[in-house]
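Peer 1: Residue-level listing of the chains:
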Amino acid sequence: MLSAESLRKIDREIAKYPAERRQSAVMAALVIAQDEKGWLSTETMDFVAQYLGIAPVAVYEVASFYTMYNREPLGTHKLTICTCLPCGLQGSLAAADHLKKRLGIDFNETTPDGWFTLREGECMGACAMAPVVLVDNKRMCDYMTNDKLDALVDELSRKS
Amino acid sequence: MPTLEIDGKAIEVAAGTSVIEAAKRLGIFIPHFCYHPKLSVAANCRMCLVEVEKAPKPMPACATPVADGMKIWTQSPAARKAQNGVMEFLLINHPLDCPICDQGGECQLQDLSVGYGGSASRYQEEKRVVLHKDLGPLVAAEEMSRCIQCTRCVRFGEEIGGVMELGMINRGEHAEIVSFIGRSVDSELSGNMIDLCPVGALTSKPFRYSARTWELSRRRSVAPHDGLGSNLVVQVKQNRVMRVLPLENGAVNECWLSDKDRFSYEGLNAPDRLLRPMVRRGGRLEEAEWEEALERAAEGLRDAGVLASPHATLEELYLAGKLGPADFRLRHSDFSADGRRAGIPWLGMPVAELGTLDRVLVVGSFLRKDHPLLAHRMRQAAKRGAQVHVLHSVDDDWLMPLASKTIVAPNALAGAIAAFKERLAGAKNAAVLLGNFAQQHPQAAALHAAAQALGVQLGFLGEAANSVGGYVAGLPAGGGMPEVLKKDALLLLNVEPRLDCADPRAAERARFIVNLSAWRSDVGDVLLPIVPFTETAGTFVSTEGRVQTFNACVLPAGEARPAWKVLRVLGTMLDRPGTAFDTIEEVRSACLAGRDVAALLSNRIEAGAAAPVVASAGLQRIAEVPIYAADPLVRRSPSLQKTRDARPPRAWMNARLLQKLGLAEGQPVLARMQAGQARLTAALDDKLPEDCVRIAAAHAATADLGPMFGTVSVEKASVEKVA
Ligand code: SF4
Ligand code: FES
Ligand code: FES
Numbered sequence: 094m095l096s097a098e099s100l101r102k103i104d105r106e107i108a109k110y111p112a113e114r115r116q117s118a119v120m121a122a123l124v125i126a127q128d129e130k131g132w133l134s135t136e137t138m139d140f141v142a143q144y145l146g147i148a149p150v151a152v153y154e155v156a157s158f159y160t161m162y163n164r165e166p167l168g169t170h171k172l173t174i175c176t177c178l179p180c181g182l183q184g185s186l187a188a189a190d191h192l193k194k195r196l197g198i199d200f201n202e203t204t205p206d207g208w209f210t211l212r213e214g215e216c217m218g219a220c221a222m223a224p225v226v227l228v229d230n231k232r233m234c235d236y237m238t239n240d241k242l243d244a245l246v247d248e249l250s251r252k253s
Numbered sequence: 074m075p076t077l078e079i080d081g082k083a084i085e086v087a088a089g090t091s092v093i094e095a096a097k098r099l100g101i102f103i104p105h106f107c108y109h110p111k112l113s114v115a116a117n118c119r120m121c122l123v124e125v126e127k128a129p130k131p132m133p134a135c136a137t138p139v140a141d142g143m144k145i146w147t148q149s150p151a152a153r154k155a156q157n158g159v160m161e162f163l164l165i166n167h168p169l170d171c172p173i174c175d176q177g178g179e180c181q182l183q184d185l186s187v188g189y190g191g192s193a194s195r196y197q198e199e200k201r202v203v204l205h206k207d208l209g210p211l212v213a214a215e216e217m218s219r220c221i222q223c224t225r226c227v228r229f230g231e232e233i234g235g236v237m238e239l240g241m242i243n244r245g246e247h248a249e250i251v252s253f254i255g256r257s258v259d260s261e262l263s264g265n266m267i268d269l270c271p272v273g274a275l276t277s278k279p280f281r282y283s284a285r286t287w288e289l290s291r292r293r294s295v296a297p298h299d300g301l302g303s304n305l306v307v308q309v310k311q312n313r314v315m316r317v318l319p320l321e322n323g324a325v326n327e328c329w330l331s332d333k334d335r336f337s338y339e340g341l342n343a344p345d346r347l348l349r350p351m352v353r354r355g356g357r358l359e360e361a362e363w364e365e366a367l368e369r370a371a372e373g374l375r376d377a378g379v380l381a382s383p384h385a386t387l388e389e390l391y392l393a394g395k396l397g398p399a400d401f402r403l404r405h406s407d408f409s410a411d412g413r414r415a416g417i418p419w420l421g422m423p424v425a426e427l428g429t430l431d432r433v434l435v436v437g438s439f440l441r442k443d444h445p446l447l448a449h450r451m452r453q454a455a456k457r458g459a460q461v462h463v464l465h466s467v468d469d470d471w472l473m474p475l476a477s478k479t480i481v482a483p484n485a486l487a488g489a490i491a492a493f494k495e496r497l498a499g500a501k502n503a504a505v506l507l508g509n510f511a512q513q514h515p516q517a518a519a520l521h522a523a524a525q526a527l528g529v530q531l532g533f534l535g536e537a538a539n540s541v542g543g544y545v546a547g548l549p550a551g552g553g554m555p556e557v558l559k560k561d562a563l564l565l566l567n568v569e570p571r572l573d574c575a576d577p578r579a580a581e582r583a584r585f586i587v588n589l590s591a592w593r594s595d596v597g598d599v600l601l602p603i604v605p606f607t608e609t610a611g612t613f614v615s616t617e618g619r620v621q622t623f624n625a626c627v628l629p630a631g632e633a634r635p636a637w638k639v640l641r642v643l644g645t646m647l648d649r650p651g652t653a654f655d656t657i658e659e660v661r662s663a664c665l666a667g668r669d670v671a672a673l674l675s676n677r678i679e680a681g682a683a684a685p686v687v688a689s690a691g692l693q694r695i696a697e698v699p700i701y702a703a704d705p706l707v708r709r710s711p712s713l714q715k716t717r718d719a720r721p722p723r724a725w726m727n728a729r730l731l732q733k734l735g736l737a738e739g740q741p742v743l744a745r746m747q748a749g750q751a752r753l754t755a756a757l758d759d760k761l762p763e764d765c766v767r768i769a770a771a772h773a774a775t776a777d778l779g780p781m782f783g784t785v786s787v788e789k790a791s792v793e794k795v796a
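These protein sequence lines map, in sequence, to chains A and B.
By this note's numbering, the letter at position 36 of the first sequence is numbered 129, and the numbering carries on one by one without gaps.
By this note's numbering, the letter at position 324 of the second sequence is numbered 397, and the numbering carries on one by one without gaps.
If you're looking for bench data, these hints aren't it; they were derived computationally from the structure.
Hints are all accurate, no fakes.
Here are a few chain A residues that face chain B, going by a calculated C-beta distance under 10 Å:
#1 Ala148
#2 Ala156
#3 Thr160
Some chain A residues judged to face chain B by a derived CB distance under 7 Å, without partners named:
#4 Val150
#5 Ala151
#6 Tyr153
#7 Ser157
Chain B is nowhere near these chain A residues, computed Cβ spacing over 10 Å in every case:
#8 Glu98
#9 Thr137
#10 Phe140
#11 His191
#12 Trp208
#13 Asp240
Here a beta-carbon is modelled for each residue, glycine too, at the ideal position from N, C-alpha and C.
Construct the entire structure; sequences and hints are all you get.
Peer 2: Right, dumping it as structure tokens:
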């Protein structure tokens, strides 16, 4: 279900916890699985559950709690904008509206060319630098004025 | 031990006690939803906020451990403000549909909102909607918008049921309870989630919309199914049992109830209740007057044997034993221990002590299905580190950590016990427990002796409500089962012979049968309508030797009468001494005769000739009694019959055997035993031992096959035969 490479990585994570606490590796295992597959299908989550020896529903709980886990296939780039209260007070809702207009999609949608997916995020611990946008889970962009948002979209649109 | 003060009252409690527990001890109630004394602390509802001296914010009483010198106020302005605030939040998304909610009148949210809620909501916006879920035939989750996300149901599955069947997905405003995607809840303890849910999100499917809690009167009773004797609250409206709930008893069922005990009441009102006596005239059963029926019965019973249900009451069994050779161990097949036992076989220890064992070997038991709450006790012990070893012929998931597991064919069970001696050695408190399969086994006495030879505590997991009580009542009487089956006339007490006996044909050779039954039947020349446990007083002696007496909850249906009265009349008509009683109390005291039941119990067995080893030629049948097929009452509960556990029997084999027989999974097959055959579907269970076929008993589909144990053959069913 997962590549040998991923399984090796997951085993390393499991080894960090006592034997009867394999469950603790669930977050790391899901990250590794998602890195390989791009998103977490029910089958992938069931596999992780079985691999860790825990109930499948316990894996769904974790995967659905954190917004960085993708439970559907996504566009090439995922833009997640924080809309929690502190960011909201600092204009992230307006920034989100700008992004939606620019991309022509709403939250949780993907552009017709399959390039961008827009997501609403929870606090990223960067409230002071609002609005913040997380690109593909790994790159954080802050103080996102409309100009900077446009520049970001332009940059990502250049299909290399 | 820390001393603290709650609302000005001082109390000393053990370190580690939570504030909510300490308050309870003082008789101070702190409002709460997610906290439950039998579950882990989640502290997610925040209803239990209290003011703590020097703490800047209110603290959750359920998750705050006491400290020396702590001062707590549960009703101060600050505490009240916090509690009122939490209540307001909880009600924001709650639909407030109490008038159409089944929980109305017994809802913790409703009750507490009277004390802590506002009279009107300030929230004007749209409420969120949570879609309903299908959790199977027992638990209704139709109105999940009512859920307050306390996660009691989730923790129940994880911590008590042994399998996490529900979970909470998403977060914040989107959080919702879901089952394992698209699956029902299949735990044999699932009904407890209904009790635990503090709101009307999880409700009882069979009970829904049939009564309001304040219309119901409550009567204590005792569960008539497995040997535990769970304490019940039977709820009655207009002389009809509407619902059954657990009555808390820490030494027996704690606050839990198995689904079987909880939902079997549906069978009480089954459409096939026998309401008038019937006699066979010219081959047909016709309704008759009691007088005629009793006369016909008495005439034919002058020299008769008695097959009595182990689910019958002590008083019934006592009187039944006066009418002729009698036995109640209907599914047993080895009686060679009779006369070699030092006393009545029992659990060997109080139920509560199961949890204190540090090593236990369970032999021949479908533990989860046969004894759902004893399995729960053992699960808790296993989680605390007790080693549970299993010796059995099937490898079903017990949902608990097992130290070792040995799966062998039925005829190899007895020989496999001795090997556990080493594994049990060195334990502080070890025990070996014999399950239903071991007791029903054709080598039951040999299994018993081998278990005794392990030299640790020995116990029997009581199959039925009166597995101990039957012996107390003086059964087996007149030579027991072997003698009973020699008689040409039989009296059946609450028995459906094709489903309740080791050999479904047990009653077939009798030429005259009087059938005391609460349900219509085509077995018998005279049918005398008796009542189920809710319509009579009686006594069950549980597997731990606990004598539990109960009274009738409702009046008898139709012309049916309590069986003890019918047996008493028959006894008098047949001039049997010691059967004339006026009240059930007289029967009870005659039966107990001032004896202390505890003194009668003993699991010691004297060595004797070992029963011959079952022939190992051919394939062996492994027969379980499925949980919802075990007795006539539970077989009539439509809701339980819709569960996964009630799926019709199949012929289970491992892959090698399937291949050897040239069969494929799902194929129609014909199973044959010496006495008969059954048409079944082949199924794959790779954990079965070699050359064994698992075919459940106690089911109409397999009744023709024959005895529960023995040699069986399986072949492809030809197409014509299927059609
Ligand atoms: S369904 Fe009931 S028990 Fe489960 S989380 Fe919701 S309110 Fe609590
Ligand atoms: S609220 Fe947006 S980063 Fe914290
Ligand atoms: S009861 Fe304490 S937080 Fe729920």
